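Colleague: Starting from the known structure of chain V, fit chain A onto it as the hints suggest.
Below, each chain spelled out in residue letters.
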Amino acid sequence: MTALLEVNDLVKRFPIPGSGKVVQAVNDVSLTIERGETLSLVGESGSGKTTIGRCVLGLIDPTAGQIRFDGRAMGRGRSIRARDLRGRIQLVFQEPAESLDPRMQMGETLAEPLRYLGMNRADREQRVREVAEHLGLSERMLALYPTELSAGLQQRVGIGRAIVTRPELIVLDEPTSALDPTARAEIVDLLIRLQGELGTAYLLISHDLSTVRFISHRVAVLYLGTIVEEAESERLFARPLHPYSIGLLASVLLPDPELKRSSSISLEGEIPSPIDLPPGCPLAGRCPFADARCHKERPPVVSVGPRHLVGCFHHDRVAALDQTIDQFARFQEESNRLLSVGAD
Amino acid sequence: MSTAVASRGPAGVGAADPAGSRWLRRLRFFAAVLRQRPTFAIGYAIVAVVIVTALLAPWIVPYGPMVADPTVYLLPPGRGHLLGTDGTGMDILSRVLYAPRVDLAIAGIGTLVSASIGSCIGAIVGYYEGQRSWRRAVSASVMRSADVLQAFPVFVFAIALVAVFGQSVRSIVVAIAFVNAPIYLRLMRTQVLSIRRLRYVEAAYVAGASDLSILARHVIPNAMAPVLAQLSVNIGWAVLLTAGLSFVGAGVVAPTPEWGSMIAMGFQNVVTGQWWPSVFPGIALGVTVFGFALVGASVEVLADPVRRRILSGSLG
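Taken in sequence, the protein lines are chains V and A.
The first sequence begins at 1 in our numbering and counts up by one.
The second sequence begins at 1 in our numbering and counts up by one.
These aren't lab readings, by the way, just hints derived from the structure by calculation.
Any given hint might turn out to be false.
Said to hold, decoys possible - Label-pair distances were calculated between CB atoms; the ranges are:
1) V/I192 - A/A48: 53 to 63 Å
2) A/S314 - V/E130: 50 to 60 Å
3) A/A137 - V/G18: 16 to 26 Å
4) V/G20 - A/T39: 53 to 63 Å
5) A/A137 - V/P15: 18 to 28 Å
6) V/E44 - A/S145: 45 to 55 Å
7) A/F155 - V/D276: 51 to 61 Å
8) A/R170 - V/S177: 56 to 66 Å
Fair warning: this is a prediction, and the values are worked out from it, not measured in the lab.
Backbone N, C-alpha and C define an ideal beta-carbon position, used for all residues, glycine too.
With the rest of the complex left out, here is chain V (with noise of 0.2 Å):
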């Protein structure tokens, strides 16, 4: 069977007007998202994960690469606004008060991508009530308009837009990044229930690594919009390999300020402009294990297990550090203890 999603070398790179440079956003990423599978994009701010999500999306072209949905390639000529294509693939927005429009009723946002589908009245009406029973709205905030509505209430709205057309893939750009704790987690939640209900595939894309570690199956680190390690969550979590992803799980704030971090590996200095990148390792000039091979060449991505692939010279290095493991189990447990109270 055919992956539901598959991403080939895509790059992206906006021109900055006037220079003749480039921002290089996203370079060569390939990636890979099965039907009912949760694939998290994980990555500071500018790697160049939202990008990704957007031209998925369609909503900016590629400058190179190839996007297939259920085995047929979309881009020119297959916009995602194609019959064929309508209502398959929807999104979450992070700012849940940006993303409603403040001149329709919650009924009418919830019915209206239903709309495009060419649903009849009565059909949408009835699709709306069912939407709204998944999501523990009433009846009577369909009536309300946006800004009658909390934040947790708003990104519960959004994200039933998405799933009012039984959606095969959903684009999650950072749903819960701008909710308080609680709605965090009922959002959080309502995702994986969803999920379990409907069978939709996930595309998150997340800076909250413990919404990340809690409802993604595999998770992919980016880092200046290449992806520097890809696999199964709870092996990430438990045993990164490269060192990219060691210094930014090692970055979370642990729920328990008592937990005493050992960080074995620290990454000095900034994230580099994406403009102009030199070549070899674009983590080089950060990282502790650098010699001189990682500032000349760029490493492969390899595969070092089970669909794990890491993109290292050194990935042998970074395994052979024992006291990584035991961090990240701990907070495994500390995050598993905090997210059990939302999680029945």
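Modeller: Coordinates of chain A only, in the frame set by chain V:
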């Protein structure tokens, strides 16, 4: 009133309400707003009085607006002729009350025409601007044409248009529509430029909405607030423009009752001390323009859901 507003909060009532009570609640909200902002109330009162006067003029005027009685020329304000008579013996009160029929009709139609044409073009230009393709060139040329139109002084431009199309009510309407259209074009374009990048527009795009449905269902409704406000202010300005054209003799022809031409007819008399033929229509004109400006300010607040929300919060 504050309870009516508060009940629209997150836990509030919604769909179950019958339509009647929803309208009642809106009315109450409106009344509360007017109490909070008395200047808005003044604006609505002025506009209402002017419109009612225009509609009822034939029944409330004491004399015919175009009946000259040479035996009573230049009577000062007093009994019989409350605001006096002008140099040909026409009753000034009757003429002042009749004038908004002409002025408001010209200004209203001219402004509506310019707003619909201007904002439609502006919405399309804004929506497609910055895209690669021929649309970009079209956008740019439309905007530069608007620049050229706006570079002319409005009044001179209007006189020129009337001169070209001939002196008639229709050419004044055309002139008003023409000189105002770029305002709406720009206003709409700027609004659309920011709205088209908003998340809910992207959501509609991904859901498969055509450009036309995106424009009609999301972009234009959300861009309308400043346009509506501008509309009201502009009707006031258009009344002024109509009066101005008539004043210089390029607009409505005497003896049709019209504020501008009345001021023009009376201004020689001011020198000799008979101020009333000019001053009363002048006051009526000024108050009307002021009233429409106030209504414009209130529409800007009320038509914007966010500002409306802030206002209703301050009412509670």
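Colleague: All hints, please: hold or fail.
Modeller: Each hint, compared with the structure:
Range check, V/I192 to A/A48: Cβ separation about 58 Å, and the 53 to 63 Å hint holds. Here the CB-CB span from A/S314 to V/E130 is close to 39 Å, at odds with the stated 50 to 60 Å. In this structure the hint that A/A137 and V/G18 lie 16 to 26 Å apart at CB holds, the actual value being about 20 Å. Here the CB-CB span from V/G20 to A/T39 is close to 54 Å, well matched to the stated 53 to 63 Å.
The supplied range of 18 to 28 Å is met by A/A137 and V/P15, whose beta-carbon atoms lie about 19 Å from each other. Separated by about 46 Å at the C-beta atoms, V/E44 and A/S145 satisfy the suggested range of 45 to 55 Å. Between A/F155 and V/D276 the beta carbons are some 55 Å apart, a value that agrees with the proposed interval 51 to 61 Å. A beta carbon spacing of about 58 Å between A/R170 and V/S177 agrees with the range 56 to 66 Å that was offered as a hint.
Hint check: a violation occurs at hint 2 only; the rest are consistent with the structure.
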